[in-house]
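Make a model of the complete structure from these sequences and hints.
Chains as they are written, first to last, in the numbering used here: chain A, 165 to 504; chain B, 165 to 504.
Treat the hints as calculated values from the structure; they're not laboratory data. It is possible that some hints are incorrect.
Using 30 Å as the maximum straight-line C-alpha spacing, the simulated BS3-like pairs for lysine-lysine come out as follows [what the hints assert, rightly or not]:
#1 B:Lys436 <-> A:Lys440
#2 A:Lys327 <-> B:Lys292
#3 A:Lys455 <-> B:Lys327
#4 B:Lys173 <-> B:Lys327
Treat the numbers as computed from the prediction; the structure is a model and nothing was measured.
There are 2 protein chains.
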Amino acid sequence: MIFIDACLKKKTPYTPVWMMRQAGRYLSEYMQVRASAGDFLSLCRDYKKASEVSLQPVDILGVDAAIIFSDILVVPLEMGLELKFEKGEGPIFPKPIQTEEDLENLDIQKGVRNLSYVYDALKLTREKLDPSKALIGFCGSPWTIATYMIEGGGSKNYAKCKKILYQNPEFLHKILTKLTLALKLYVEEQIKAGANAIQIFDSWASALEKEAFFEFSFNYMLEISNYIKKKYPHIPVILFPKGISGFLDEINGNFDVFGVDWSTPLNLAKEKLASKYTLQGNMEPCRLYDKNSIKEGVEKILDIMKDTSHIFNLGHGILPDIPVGNAKYFIKLVQEKSSK
Amino acid sequence: MIFIDACLKKKTPYTPVWMMRQAGRYLSEYMQVRASAGDFLSLCRDYKKASEVSLQPVDILGVDAAIIFSDILVVPLEMGLELKFEKGEGPIFPKPIQTEEDLENLDIQKGVRNLSYVYDALKLTREKLDPSKALIGFCGSPWTIATYMIEGGGSKNYAKCKKILYQNPEFLHKILTKLTLALKLYVEEQIKAGANAIQIFDSWASALEKEAFFEFSFNYMLEISNYIKKKYPHIPVILFPKGISGFLDEINGNFDVFGVDWSTPLNLAKEKLASKYTLQGNMEPCRLYDKNSIKEGVEKILDIMKDTSHIFNLGHGILPDIPVGNAKYFIKLVQEKSSK
Numbered sequence: 165m166i167f168i169d170a171c172l173k174k175k176t177p178y179t180p181v182w183m184m185r186q187a188g189r190y191l192s193e194y195m196q197v198r199a200s201a202g203d204f205l206s207l208c209r210d211y212k213k214a215s216e217v218s219l220q221p222v223d224i225l226g227v228d229a230a231i232i233f234s235d236i237l238v239v240p241l242e243m244g245l246e247l248k249f250e251k252g253e254g255p256i257f258p259k260p261i262q263t264e265e266d267l268e269n270l271d272i273q274k275g276v277r278n279l280s281y282v283y284d285a286l287k288l289t290r291e292k293l294d295p296s297k298a299l300i301g302f303c304g305s306p307w308t309i310a311t312y313m314i315e316g317g318g319s320k321n322y323a324k325c326k327k328i329l330y331q332n333p334e335f336l337h338k339i340l341t342k343l344t345l346a347l348k349l350y351v352e353e354q355i356k357a358g359a360n361a362i363q364i365f366d367s368w369a370s371a372l373e374k375e376a377f378f379e380f381s382f383n384y385m386l387e388i389s390n391y392i393k394k395k396y397p398h399i400p401v402i403l404f405p406k407g408i409s410g411f412l413d414e415i416n417g418n419f420d421v422f423g424v425d426w427s428t429p430l431n432l433a434k435e436k437l438a439s440k441y442t443l444q445g446n447m448e449p450c451r452l453y454d455k456n457s458i459k460e461g462v463e464k465i466l467d468i469m470k471d472t473s474h475i476f477n478l479g480h481g482i483l484p485d486i487p488v489g490n491a492k493y494f495i496k497l498v499q500e501k502s503s504k
Numbered sequence: 165m166i167f168i169d170a171c172l173k174k175k176t177p178y179t180p181v182w183m184m185r186q187a188g189r190y191l192s193e194y195m196q197v198r199a200s201a202g203d204f205l206s207l208c209r210d211y212k213k214a215s216e217v218s219l220q221p222v223d224i225l226g227v228d229a230a231i232i233f234s235d236i237l238v239v240p241l242e243m244g245l246e247l248k249f250e251k252g253e254g255p256i257f258p259k260p261i262q263t264e265e266d267l268e269n270l271d272i273q274k275g276v277r278n279l280s281y282v283y284d285a286l287k288l289t290r291e292k293l294d295p296s297k298a299l300i301g302f303c304g305s306p307w308t309i310a311t312y313m314i315e316g317g318g319s320k321n322y323a324k325c326k327k328i329l330y331q332n333p334e335f336l337h338k339i340l341t342k343l344t345l346a347l348k349l350y351v352e353e354q355i356k357a358g359a360n361a362i363q364i365f366d367s368w369a370s371a372l373e374k375e376a377f378f379e380f381s382f383n384y385m386l387e388i389s390n391y392i393k394k395k396y397p398h399i400p401v402i403l404f405p406k407g408i409s410g411f412l413d414e415i416n417g418n419f420d421v422f423g424v425d426w427s428t429p430l431n432l433a434k435e436k437l438a439s440k441y442t443l444q445g446n447m448e449p450c451r452l453y454d455k456n457s458i459k460e461g462v463e464k465i466l467d468i469m470k471d472t473s474h475i476f477n478l479g480h481g482i483l484p485d486i487p488v489g490n491a492k493y494f495i496k497l498v499q500e501k502s503s504k
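Below you can see the structure in the form of structure tokens.
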């Protein structure tokens, strides 16, 4: 699997490429399956359909890795925290975590068990997937998941999280510790079910000051990564903390790939991190609106990364209104232009 | 005015301090004036009331500078682009800019003339303000204002702007050039009316890749700054591009103060920029929820900046639900702890 080789800094015949949110709304085939499943959570919970949409971008676009279709918030959901996806509103936890008792009511064992639909989807997908293609499992970072559980949904200023962080940091650490424990077991089950690599999404890393980021987010991600790397050293771990280009000097620890968001200059990330990690990223997703911009972006990025370990990706998820033809052009262009 | 001295890198008896959005909803006195004015735009357009709320934080909190109460979007509004502030929705331009004709319909001269309520508010505020306190005028950066005019309001992915940027960059440059011309005249009128310094807010700087940031945003801010510094060399210009901690190496040009947002590590900004510019910022606004966190934040920042030119501020606007007592405590603490 050239994706896995690139993660582990081995030479590859070309630069492997995939896209965050590649199993998504820009594909009419995805929309059909999604419609047949009903709502978003029903699609996550139907392992056959989840597997089907996970495989679509491999078949349609020829990406080098499939990522299992799911959502980072199924973990608190299955631990017992009610979750709704309201149309146009994003995820809502109607009863956010406010007290120690709210936290105690969440059941790690039950959660990890209830998430069997994710493991079933991974198993089926790994069976159907070409052996040359990698299957990526994933989870959210404890911090990012916690922000939704505390705020009750998406947030602009993370005021509730920050109040806890400043006024009762021990409670925040308790929430994060419990989530970390659940996530270790969750990604371990994903690996047992066939995941070849694990990506940890820290979408709201940028909600924290530098010191707070390392204390409340990065350290917990590393704890998950350390757990995986100790038990499954051949499984690459990809960390993707978004919006922290000012903190790169202090990124360190036992993982394999650092995901670079598009707002971080790639040569800065290369200078700071490429000696230790494979870099993944980081094309600006809106470039996919326009073929000339795709070409310019691909050439620029391949040139920066020509002498170092690299997985090509967008620097954020693909947008729903990108023409499929442009996505295909992008994937093919990366694979062709990077061929040695 | 110790605020102006600090801008110009002169020694000051203590570190001057103010807060972005200091004339705002956390003050009951502001809420009263706002209620009497009707809606938000009516408050902007009533120069007496705008002046009254601009002065409140000086009287109530003892900040070292007043910033004139207004909004960055009054400029396109008065140039002829209809603007609404819907409750809970933020600003809406019902007829966003889509064509060259839409752009041609905007009238620079009329806009600069119609904005007389801002100049009147500045005159009145400067008259009433203690001579030791500075009065800050401001505008949005051409890029940030353009994002609203093109998207029709706030945006998550700036997809419409990006489509223009990639498919028709000349048109985006035309929009930015026209806005820059209007903004030069607008801030010049603000200076004539009594503004002692000008801050340019580039709130959506982080929506751009590095090269695009310099081409489509920073260069236009510099054009405004160059214009001001040439005609009014004693007037400090403050640039505040948000979320670009990865681009600091390349920040250069003729301005006085660089505003550091809270997500940018202050010692990184100091290392890269303090030899050239006074730094303004950058306490995390949620620290104001808690007095211990205020103290910790103030001491940390004063320690980093103890040997270099500094204006204390939050790294983003003050939040509406901050207790006024905490804001007072913050301002006093900065002034006391930094006294030499």
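Evaluated hints:
Restraint check: the Cα-Cα separation between Lys436 (chain B) and Lys440 (chain A) comes to about 25 Å, which is no more than 30 Å; the hinted pair holds. This hinted pair does not check out: Lys327 (chain A) and Lys292 (chain B) have alpha carbons roughly 37 Å apart, beyond 30 Å. Pair hint Lys455 (chain A) plus Lys327 (chain B) holds up; C-alpha atoms about 11 Å apart against a cutoff of 30 Å. The straight-line distance between the Cα atoms of Lys173 (chain B) and Lys327 (chain B) is roughly 42 Å, outside the 30 Å bound, and the hint therefore fails.
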